[in-house]
Amino acid sequence: MGLIHCPFGIPYYDCVGCIDCGMCLATTKEQMIEASKIVREHLRSQQKDGGVTTKIAVCGKGGVGKSTIVALLAEVLLGEGYSIMVMDTDESNSGLTRLCGFDGEPAPLMDLLRQVPQGQSGPDVEWLRKDRIAFEDIPAEYMVERGQFKFLMVGKIEDPFQGCACTMADITRDLVGRLDTKEKEIVVIDTEAGVESFGRGVERSVDTVLVIVEPSFQSIDLAGRIHYMARGMGISRVRTILNKVASAQSEQKMIDELGKKEIAVTGTIGLDNEISEAGFEGRALGGESRAKNDMKQMLKTLLQES
Amino acid sequence: MATEEVYISLAEKSGHADSEVLLHILTQSMTPDEAALILELPATHEALAAKLNLDEVALQKKIDELMSRGLVVPSRRGARFPNNLAFLHEAMLSSAPELIPPELPGLWKEVYRSYWRKEIADALSGLEIPTLRVVPAQKAVPSDVDLLPWEDVEFIVKDAKTRAVRNCACRVMLRDCEAPLHNCMQFNRRADYALSRGSGREVPVEEMLSLCLASEEEGLVPIVGNIALMDRMDYICYCCSCCCTGLEPLKEVGNFTAGYAKSRFLAEVDQEACIGCQTCSERCHFDAIQMEKVPDSKKRKATIDADKCFGCGACVLGCEQKALALKLVRPPEHIPSINAYVMR
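In the order they appear, the protein sequences are chains A and B.
Residues 1 to 306 (my numbering) make up the first sequence, in order.
Residues 1001 to 1344 (my numbering) make up the second sequence, in order.
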């Protein structure tokens, strides 16, 4: 069992990873309290450093507006000079391509991904085997693009741990993990609603989780769960934004409720008729809109390292 | 330095210079020259080689050998003598069996019984948050429950980068039951350490999962670190409350909750299906099952004490009548996230 007192589970005192808190050597309550202080300080300092944002998983309950947020975020990032790759992992929602302003859909990657563990080789799967996959490596048929905006459709991630040892979830996580981003390249992933996907796939290889919360207790509750899961899976940067907020009152209420769960809100996207209409009609959000401005405001905080 | 003094100095490092038995352990496990070398650690190889007039290559070989016998452990500053009993015990007794002097387990048992177990009970009672947590046996988990990654034995095993199995140092020492020895699961950094010193063997996913299932069938309790962080899921212990140096001291004082957090589950019994065979009661390591008289039956039926049950599922797996089941009773937040350490 080894170091049963170590909050970091370090096998032995002074081993790699040891922070010299003294917890394992403490024999009195006072010593343990001192040690806890050092542990807390260390954890607090750890939380500040998330590194550069390169891969964002956008999460939230179904219907909360993930696709809209993804489309908005992509637009705003493009406006700031970023190159974007959007990955759609939600098979049931084909509206994302249209919201992003594309006419057609790319071939889903899932079929290709399925071939890899079966040992298929050939030029069309070669790029999948690379240690680091650059944006340019991905064949055109699996992408639709417009300028610096690339769009991939992964297809539905099925239940993991079924069938072969190398599961769909493993492959997708693996793929996202190996995607190489150069400076000012960002990957935005629209994930399925629900926290189950956390333990099972894509989120593990991202560095940022963006939680979308709408005015409902269920949505707020889920936000708490997503933070808990993201933290547990080792993702240090989790940002929360409010969507479809009708009034300042409503916004404050949500901020208070989330505050009770120790969740800070990065920004708010107001209820915007223009967005609702665009979504309803299945077209892109053209030009300026209040929502786009809201997103621009919070972009800096969304991406910042601490 | 006189022969005895070398050993006394080492015993001092573990905080028990006055323990005859500990001195005996040290004299049995290393030569005076080895003890003298160990006393100099941690030190650079150059300094050591010069001081003890040894060849640096021979020195490295020697240290590697001491490492495999559990007499030194790795640290940021190089190999060093483990500086408390828990480390020394685990390092020595989880070593490859052929490297352990035959008298050692018995001597350690004496250390444990005379004073060490009381120290453990005292130390564990002082913790704010238990550092250890029970997780449910895989086959006892209800089919409609989505397990969290850090309570899911299968996920933990599959998510790890490296996997190794080694002997349970506690059971090697106490052997107060028939449970198997070779079932302490190590992952990632812990696995690398076990593999590098030859105390563990690397196993593929399927084999480790079989070993886990077999240990669960035995009724052993799966234990992991009590934190909702995949990074810290670097071991799964399969414990019995007769031999485990964490559980056993607490068993006597009836206070398992001092050192252990419960799983998110609670065992429930269908008393109609129960035939009163007492298998579950015997299997329970937490004394949570009593056989009680019930109306309408001559037989005494299994009754779960909800306060005492840790939700390990050992009883569920042992019941041929399928009269027992686990029920989810605690939310995800029961397992502390790193924020629990920061916020308190």
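To be clear, the hints were calculated from the coordinates, so they are not data collected in a lab.
Some hints could be false.
Unchecked claim - Here are a few chain B residues that face chain A, going by a calculated C-beta distance under 10 angstroms:
| hint | residue |
| --- | --- |
| 1 | R1076 |
| 2 | T1131 |
| 3 | L1174 |
Glycine included, each C-beta is placed from N, C-alpha and C at the ideal position.
(request) Using 10 angstroms as the Cβ threshold, decide whether R1076(B) counts as touching chain A. (result) holds, 5 angstroms
(message) For the restraint on T1131(B), tell me whether the closest CB of chain A is nearer than 10 angstroms.
(response) holds, 6 angstroms
(message) Holds or violated: the hint that L1174(B) contacts chain A, with Cβ atoms closer than 10 angstroms.
(response) This interface hint is violated because 13 angstroms lies over the 10 angstroms limit.
In this structure, only the earlier hint numbered 3 is contradicted, and the remaining ones agree with it.
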